[in-house]
Each structure stands twice: as structure tokens, then as C-alpha cells.
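Colleague: Here is what each chain is made of, one letter per residue.
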Amino acid sequence: MALLEIGGLVKSFDRVRPVLGPLDIVLEEGRLAAVVGRSGCGKSTLLRCLAGLEKPSAGTIRLAGAPVRPEDVAVVFQEPRLMPWLTVAQNIGFGLRHLPARERAAAVGEALEVVGLTEAARLLPKALSGGMAQRVALARALAVRPRLLLLDEPFSALDPLTRTAMQAHLLTLWQHYGPTVVLVSHDMEEALALADRIVVLDGPPGRVVGEFSPGMPHPRHRSGPHFQRWRDRLIGALEQRPRLIDEVRDAV
Amino acid sequence: MTALADFVPLRTAARQKPWLGLVLPAAVVAAWEAVGRAGLVPVELLPTPTDIVTAVGHLAATGDLWHHLAATSVRMAWGFLLGAAAGTLAGALTGASPTARAVVDPTVQGLRSVPSIAWVPLFILWLGIFEASKIALIAVGVFFPVYLNLMTGIAQVDRKLIEVGRVHRLGRIEMVWRVLLPAALPSYVTGLRSGLGLGWMFVVAAELMGAGEGLGYLLLDGQQTGRPTIVIAAILLFAVMGKLTDLALAALGDRLTAWQDTVG
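First to last, the protein sequences are chains A and B.
Taken in order, the first sequence gives residues 93 to 344; the numbers are from our numbering.
Taken in order, the second sequence gives residues 5 to 268; the numbers are from our numbering.
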């Protein structure tokens with residue numbers, strides 16, 4: 093069933109030249125989709141429109157057939173953006189203020205356990221490593237049990253080893269909580285390692301220049317021939333964008 | 005790198021050895037005592053530290069010291085509370101709302117440049133010559149630093165944290181209470197400390213303009229009766245009170261802002 097439907101979405105900041113769109117994307121429920129593209133192609137703007145942080149200049153965004161309700165969406169940004177005065181547990185509970193205390197504590201405890209940070213519950217953000225802080229940010233987003241989880245290059249500031257570990261964490265969390273995920277990334281390998289649907293944007297203005305569904309089971313081995321073939325295809329896609337859409341249609 | 009590496013041990017050393025701050029005043033007092041005893045300066049103009057301690061001891065024994073200290077402290081407490089409360093309200097409002105800032109801030113900034121003593125005649129006309137006018141003057145002194153620091157502190161809160169509040173659907177009041185005020189707390193504490201310092205300056209002005217009790221009265225009384233020991237004792241008591249209250253506020257501020265990731 094289609095969960096997210098983006099129709100004719102356009103965003104322009106100066107009303108002269110759009111940075112994004114028109115875009116049409118339909119995403120099925122429970123999928124983990126990646127939006128990839130070069131820096132400045134409008135992928136973060138797309139995510140900010142989905143998050144309600146930017147107002148689209150034109151077009152519609154619908155979730156399960158209705159306008160997006162803020163409570164259905166959670167976001168993880170490039171930086172953890174934790175409240176530095178709150179402990180790890182309080183940060184994870186930040187979006188749960190409407191719940192009774194007992195339910196809130198249970199939800200926080202569950203999230204802490206899933207991201208493996210139960211021991212760190214009382215620490216302040218200043219005591220956390222970059223990877224730990226981003227795990228808290230993931231837990232904070234998922235604790236509200238969003239239908240749609242938006243990730244804006246969440247691992248790009250981490251070192252390669254931590255990044256790979258975080259990608260594995262994300263898969264665990266996705267399987268545990270089951271949201272539909274939109275991951276914005278400029279890292280083709282990350283997209284291929286995680287996503288079962290990859291949307292390639294190019295721009296500005298950001299337009300869809302390719303859509304892929306790499307049908308590889310998890311965990312995906314980056315050194316495998318299948319993975320390498322898909323990676324070459326994705327990189328090729330961005331290098332030869334005019335021919336791309338036809339090529340992809342042929343491939344699918 | 006070198007600069008920071010040099011800087012951090014310095015700060016740590018100062019923190020671990022608080023007695024370092026006592027070295028200079030102790031040396032000054034010793035030199036002062038020696039100069040007085042040697043007869044290099046007439047004691048009628050500059051009494052020695054032991055004379056001053058004796059005078060303070062005498063004031064304490066008769067109970068006058070506690071009476072004057074209490075009078076000044078009560079005025080200061082009321083003035084500080086009222087000024088800080090008004091500064092907090094106005095600072096939070098103008099910090100959180102650009103419209104409120106555009107409307108209110110230019111006027112407040114204009115009033116800020118009025119010298120404190122200029123308010124005295126007006127407050128006496130409006131509030132009389134007793135406590136209310138003195139407390140109002142202290143409150144004016146406390147208000148401006150609290151207002152200014154809180155407003156700028158809130159206005160400079162990282163947009164990225166505000167966005168986290170927005171994606172978690174915080175309303176306006178909740179955004180102020182759960183994101184803006186905590187994030188602005190370090191700046192707010194600085195404002196409260198500056199306000200407290202100005203408050204102590206204004207309490208002297210208030211008591212010099214006519215009071216029957218308080219440390220300011222003691223100053224004036226010492227001058228009028230030709231007793232420099234009392235004048236200097238009152239000055240030192242102001243210094244001690246100012247330092248003690250600032251230490252207390254700084255300690256409270258350190259506790260509240262311990263989450264900051266700073267070397268200090």
C-alpha cells in the first residue's frame with residue numbers, strides 16, 4: 093500500500109528559480125528508501141518539506157491518503173542535535189511529553205535497549221562519542237513511533253567504521269519499530285547497503301533522474317559482485333543523467 | 005592547539021587553588037598595616053586594618069552591624085528579586101518574539117542609557133523617601149543586565165535545536181520553556197550576576213540619598229562624623245557582601261549549567 097505520495101512538489105526560496113521539483117514520488121509502507129544525489133541537488137530540501145520544516149511552494153505531500161500530520165513524522169539530522177542540558181534518557185523522551193510518566197519511561201527504556209545505551213541513560217550529551225550521540229538521536233526519533241522516519245545524511249559526520257556500525261543499527265531499529273524510512277544521502281554505498289528503493293535526484297532544480305529497487309537481501313556484502321554491479325550502475329546514472337531514465341526502465 | 009593546551013592547565017590550577025585569590029589582598033593589608041604603624045600616613049585619614057577590624061568588632065558587639073547589614077540586605081533582596089523578575093519576563097518575551105523585540109527593545113535601550121541617579125528625584129516623587137523608592141532604584145539597576153543577557157541569549161539559541169523542537173511539535177510557550185530558556189541559561193546566569201553587581205552599586209546610591217539605616221547610611225555617618233574607620237569598614241562590608249552573594253549566585257549558576265561542554 094502506498095504510504096507516502098508526493099505529487100508535483102516544487103520548492104523555491106526566491107520565487108524565481110525553484111531548487112526542487114516538480115517531483116512525483118510514491119513510496120510504499122514499511123519501505124526503507126534512499127534519496128541520493130550530489131550536494132546541492134535539493135535532497136535535503138525535499139526532506140525538510142516532508143518534515144514540515146519548509147513549506148512547499150506547490151504540490152502535495154500525503155501520508156496514507158491524508159495531509160501529513162506532524163505526529164506521524166520524526167527526523168534525524170546530520171548532527172545529533174541533542175539538548176545538551178538533558179540526559180540521554182531525557183533526550184530520548186523529549187517527544188513523549190504527552191504520554192503518562194509510566195508509559196514514557198517504558199518507551200524510553202525500550203528505545204535505550206534497542207540502541208544499546210541502557211548503561212548511558214544518565215549521561216549528559218557532552219560525555220558521548222559522535223556515534224553514541226547519533227544513536228540517541230535515532231532512539232529519540234523512533235521512540236515517538238513515527239509512521240515516517242526521515243534521515244538527513246545521519247551518518248555522514250562519522251568515521252567509516254562507526255558509520256558502518258550505525259548502518260547496521262539503523263537496520264535493527266527499522267526492523268524493530270517498522271516505520272517507513274526516507275534516508276537522504278550522498279553516499280551511494282550507504283544507499284545500496286540499506287535501501288530497498290533508491291531515488292536518484294539531480295539538480296538544481298532537484299528532479300528524479302532515476303529509480304532503482306536493488307532486490308538484495310540483508311545483510312548486504314559490499315564486496316559481493318551483485319553489490320558492485322549496482323554501485324557501478326548508480327554512479328553511472330549520475331554521470332550520464334540524460335540517458336538515465338530509459339536505461340533504468342530497461343534494467344527494471 | 006598550543007594556546008588551548010596552555011590555557012586549560014591554567015584554568016584548572018586556579019580552580020584547584022582558591023587561596024591564590026587571597027594572596028594579593030593579604031599582601032595589600034600587610035603593607036597597609038606596616039605603613040600605618042610606621043607613621044608614614046596619618047591614621048586620622050587612613051586608619052590601619054587593625055583599627056578597622058576593632059571598629060567592626062565594636063559595631064558587631066553593640067548589634068549595630070547586624071542591624072545595618074540586615075537593612076541593606078533586605079533592600080537588596082527585594083530590589084534584586086523585582087528587577088530580575090521584570091528582566092526575565094521582558095527578556096524572555098523579546099528574545100522569543102522578534103515582533104516584541106522590534107516594539108520593546110529600542111525603548112528599553114533608550115532608557116538603559118539614563119544614568120541611575122537621574123531616576124532618584126522621580127522615584128522619590130512617586131514612591132516617597134522610604135523603602136519603596138530605594139527598592140525601585142535597585143530593581144532598575146538589576147533589570148537591564150538581566151533583560152539584555154536573557155534576550156540576546158534566547159535570540160542566539162542554535163536554530164538546529166529550535167528545529168528539533170519544531171519537529172516535536174512544541175507550541176510557542178513550550179518552545180520557550182523546554183528549548184529557549186534552558187539553552188539561554190548560561191547567558192541568563194551572566195545577566196543575573198551582572199545585575200547583582202549593579203544592584204550593589206545602586207543600593208549605595210539609594211542609601212546615600214537618605215536612609216536611617218544600612219551600610220550606605222554607615223558610610224555617610226562616618227563621613228559626617230569624621231570617622232574614616234567607619235567609612236572604610238562600610239566599604240569593605242560592601243565588598244564582602246557583594247563577593248559573597250556573587251559567589252553564591254555563581255555556584256548556583258555552575259550547578260545549573262554543568263551540562264555545558266566547556267573547559268571552565
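These are calculated hints, taken from the structure and not from any lab test.
Cβ atoms here follow ideal geometry from the backbone N, Cα and C, with glycine treated the same way.
One thing to keep in mind: the hints can contain errors.
[Unchecked claim] If you anchor each label on the Cβ, the simulated ranges turn out as follows: (1) Asp258/B x Arg154/A: 17 to 23 Å; (2) Glu217/B x Gly222/A: 58 to 64 Å; (3) Ala249/A x Leu115/B: 42 to 48 Å; (4) Lys247/B x Asp106/A: 54 to 60 Å.
[Unchecked claim] Restricting the straight-line Cα-Cα distance to at most 25 Å, the calculated cross-link-like pairs of lysine-lysine (PhoX-like) are: (5) Lys164/B x Lys218/A; (6) Lys247/B x Lys21/B; (7) Lys147/A x Lys164/B.
Colleague: A separate judgement is required for each hint: does it hold in the structure or not?
Modeller: Structure-based check of each hint:
| no. | hint | verdict |
| --- | --- | --- |
| 1 | Asp258/B x Arg154/A: 17 to 23 Å | violated, 50 Å |
| 2 | Glu217/B x Gly222/A: 58 to 64 Å | holds, 60 Å |
| 3 | Ala249/A x Leu115/B: 42 to 48 Å | holds, 46 Å |
| 4 | Lys247/B x Asp106/A: 54 to 60 Å | holds, 56 Å |
| 5 | Lys164/B x Lys218/A | holds, 17 Å |
| 6 | Lys247/B x Lys21/B | holds, 18 Å |
| 7 | Lys147/A x Lys164/B | holds, 17 Å |
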